[in-house]
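Novice: Protein chains in written order, with my numbering: chain A, 10 to 450; chain B, 31 to 289; chain C, 816 to 1175.
It is worth saying that the hints were derived from the structure and are not from the lab. Be aware that one or more of the hints could be misleading.
Taking lysine-lysine and the BS3-like style, the derived pairs with C-alpha atoms no more than 25 angstroms apart in a straight line are [as the list claims (entries may be wrong)]:
hint : chain 1 : residue 1 : chain 2 : residue 2
1    : C       : K984      : C       : K973
2    : C       : K984      : A       : K182
3    : A       : K148      : B       : K32
Okay, the calculated beta carbon distance ranges per label pair [stated by the list, open to error]:
hint : chain 1 : residue 1 : chain 2 : residue 2 : range
4    : A       : M447      : C       : E938      : 54 to 64 angstroms
5    : A       : A442      : C       : E1142     : 52 to 62 angstroms
6    : A       : S45       : B       : S201      : 24 to 34 angstroms
7    : B       : L86       : A       : E435      : 34 to 44 angstroms
8    : B       : R67       : C       : L980      : 31 to 41 angstroms
9    : A       : N450      : B       : S201      : 48 to 58 angstroms
10   : C       : D957      : A       : E435      : 26 to 36 angstroms
11   : B       : I204      : C       : P822      : 28 to 38 angstroms
12   : C       : E938      : A       : E355      : 44 to 54 angstroms
13   : A       : K352      : C       : S956      : 29 to 39 angstroms
From the derived model, a few chain C residues whose C-beta atoms are all more than 10 angstroms from chain A [what the hints assert, rightly or not]:
hint : residue
14   : S854
15   : S909
16   : T1016
17   : T1026
18   : S1135
Every value quoted in this text rests on a predicted model; they were computed, and no experiment measured them. Ideal Cβ positions, reconstructed from N, Cα and C, are used throughout, including at glycine.
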Amino acid sequence: MGVTDSLKYYWNVKVVGEPFLQWQRWQAERHPKTPSRWRTDILSPPLRIGAKTKELISRHYLEGRYANGHRPVAWVTSGGPVEILQALGFYVLYPENHGALCGVRKAVVEISGEAENAGYSTDICSYARTDIGSMLSGKTPVGRLPKPDLLLACTNICQTVLHWYRVLAKHFKVPLILIDTPFVYSEASDHALEYVKKQLENSIPISEQVAGQTLDYRRLKEIIQLSKDAAELWLEIIGRGRHHPAPISVFDQFIHMAPIVEMRGKKETVDFYAALLKELDENIDKGIGAVRNERKRLLWDNLPIWYRLRYFAEYLAEHGISVVASTYTNAWGELAPLMNKEKPLESMAKTYTYPILNQGTKYKLDTMKRMVEEFELDGVILHSDRSCKPYSIGQIDQRNKLIQEYGIPALLLEADHDDPRAYAEEQVASRLASFVEMLDN
Amino acid sequence: MKIAALGIDVGSTTVKMAGVNASGEMIWNHLEQVAPRVEKQVDSFLNKLKEEINSLAGIPLVATGYGRNLVHQAVKNVTEITCHAKGVYHQLGHGGTLVDIGGQDSKVIVIGAQGQVVDFAMNDKCAAGTGRFLENSAARMQVSIDEMGSVALSATEEVTISSTCTVFAESEIISMVAHGVAVEPILMGLHRSLIKRVVAMVRSVGLVPPLLLSGGVVKNPAIRKVIEEETKEQVFLPEHPQLMGAYGAALLALKVKQK
Amino acid sequence: MNMTIPPRKEVITDIKNHGGLVAAVLPIHYSRALLRAFSIYPVEVWGPPKVDVSLGGAHLQAYICSIVHNGLSFLKMGGLNIADLILIPHTCDSLQGLTSVLIDLIQPEQVIIPLYLPRGQREEDVAFLVDEFRSLYTRFSDLTGKHPTSKDLLTAIKREEMSDLLLTKLYKNRQQVGLSNIDFYRLVRSREYLPAEHFSTLAEKTLQAATEPRPGIPIILSGILPEPMEVLTMIDKMSGLIVADDLACCGRRLYAPGTSPDPFRRMAERIVYAPPDPTRGNSIEERLKYLTEMAQNSGAQGVIFYEVKFCEPELFDLPSLRAGLKEQGLASIIIEVDINNSLPRQVATRIGAFLEMLDS
């Protein structure tokens, strides 16, 4: 690591960047009059915490921008076991999260076009295409992404990441740590958990070598606890959706979930979610719902459609519909109870083997049914995501079973989480309209 | 007229035929809309030629294009990739990157310094990268094929067509028309959308200048302009852009004869 | 050459008549020996092509590949009714999804048995696969009431190793064997359903009958499988000769004989150290090296990447592989197909133009 790079990092991040972002947040908090881009006649004004979310995300990418040469950098899959890397002082970047950001900022067509021009098929995941396009061209809406010194791919969300990270490893010529998590058809076998634990163990010396320091187990325990605390808070936040009207919609969750994905294991992430929870509780006391006139409540299944968040939020709110829960945001909270700092590797092995995406279609159907009951929902929107096969396969039968066996109205919508070219405006609009009419009958 | 060899290109919309003399110059050609019975059409083609030059005996014929297997008179079948490369190279005298936008497919061919095919890419599974995409969409807006290029160029602004699927794009267009967007900017957006797909193919094989254009679509001025904008390269056209496949086939036939 | 390969139906009837059980096995890697030790005969299901896809389409989205669509359609048509169990290796997200949908939501009559394949070539990957095979052993014991000994297992393993050695030899002598592309692949792919000993006999006969080398523009075929098989006839007509392949159903399964005296370890090592395969997590560098050496050894001038549409494990590596091959002076082309459709004429044009390009 170089002195010049470290000086640059301190100057740009600590001296200039952080105070500026803080000031920006104060401004936003003191003068919340800056009009929301989203319609406030049907939706409640945005949560106050939004200013803090913006500060955290901006700072995260700012740190990344100056990280090379100052701190070791790892690129990690969203379901990756990040605690060991955090304990070793890595700056951790989540390409999927960056992909989502590109989706929200409507930059996917241009950036993934760079990958497509280089021969990457439009049939591969749009996150991967966006990331590879960004890697090849340097294009990103966040200024600059740091180059990785280490890659970590965990197959607990899909096999796609394995192939995607092979491409990154070849391009950047850096070590790739693979954490392979056998798929859980009903229950994980002992040898599967042992296998994951062994891989976690073996990842330590590689990470240590790249980081140039040895792992401090006390620090690892602290980080595991912080990860667990944040995840538990996140679960509570999601749980607040049980109130009528729900104080937070999934569209808010999609935005405020960034820290639980990319800043797990940090004290400020725990503080952030504690503050968010507090704000929700205040809103519950005041009877403020995310949707002003909440008449119907829905569940969202699968990834968000990042480039149409506002459209869905507003269209549904216009009809008094609040989407209050999702299997997707739930995934970052439901495993919290499995974390145990006294058995760091063992509990990590279990935690990272059991995400919803690594479990069978029955588990997902049961989760949907349970959430519909617990949150007292009127229906389910299943986003059939062209770019996420593991999440989407099974949805046709799941939808049928929801309707036929449980009497829960359900709609399957064909789209893609990041690529607007795979989204048929008119078709989606007419399906959504008929579903809304159906809910009222 | 001393025709030494013949080439026929049976495409998806037109049938083209070219005759060359012993030194490989094109001295005769003919173009017709493709008929449902291709075999019969080829027969009448050849009969017509026979009337003009008395006898076809000893004149070899090479067939190319999607219907090449239907030409039973041919001594050889060669793909249109090889024929286009051959024809364009012979006429222009140098290699480069050839873009051919046809009704059923679009192709990009990198032609080497000796006229050989170095690499190629084809878009054929998806209509959004072909001339058909433009034609269908223009027809929807009641603009004729011959006019669509100039109408597009008269636009003062341009809309973005984001869908890459023809079916989606069509509904996108319908909705734009329904929202009162004028025809010109939509047409310009359509050209851009098509060309972007073609340019992606050019990039995938790697552009070796100069950039050459052939196929029926070169009559459309907007195509040429948008390609130049998107690639930032000047575009060169052969003298008979639609006949390059047939011409290349005739040149190959000449080679058969010389063997 | 006059060679009769017994058809699939006949082989299955024969197995059943002799009291054997039939396992329908989906792509790609598993241990034939483990099944055989329990007198279960593997019959592989790669698609198959040209079935009524509306049956699978009732459960799977359009962006799932045709191998998975057709596999499910075939099952729904009753095509797998003869099977006593269905073994599905965990090859990719789509086969994972299919397995889960079958177990949880469709629930066919046959037992569905998943097999997880590790994504690396590390010691822990071998250890995991050893345990995975041990738990399959228990599963098969429960099913059949049989308890094959280590010796029984080793006998079964050696029988498969012999068959794989002969298969490898067929590939090494590809040109001398003198078969057309279609005949060669009919023979090689009969390994997908013939018991090892029968395949060995066929392979030996073919090797003995080998006469004069077959001419043709030498190429490599890479991808999952050569379906629809018409593509092979088409390449024959265009004077192309597939001198080596990197196909999941063929060349990627030329398993080397094992060395371990422990049967489970031996079965696991044979798969983990098999030729590079993206679905088992091999790096792009390993694949490129393997392909380049394959071209050098076989004299191939170009590679056709013959891909099933939507196959992510294949698609990610293609740009890097093609660029790497180009540096070595090897041309390549990508052909994408849906195994359920007959070959469009455009495919003929592409392959034809590619061969013309190599030949010039």
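Novice: Tell me the hint numbers this structure goes against, listed in increasing order.
Specialist: Hints 2, 3, 7, 8, 9, 10, 11, 12, 15 and 18 contradicted; others consistent.
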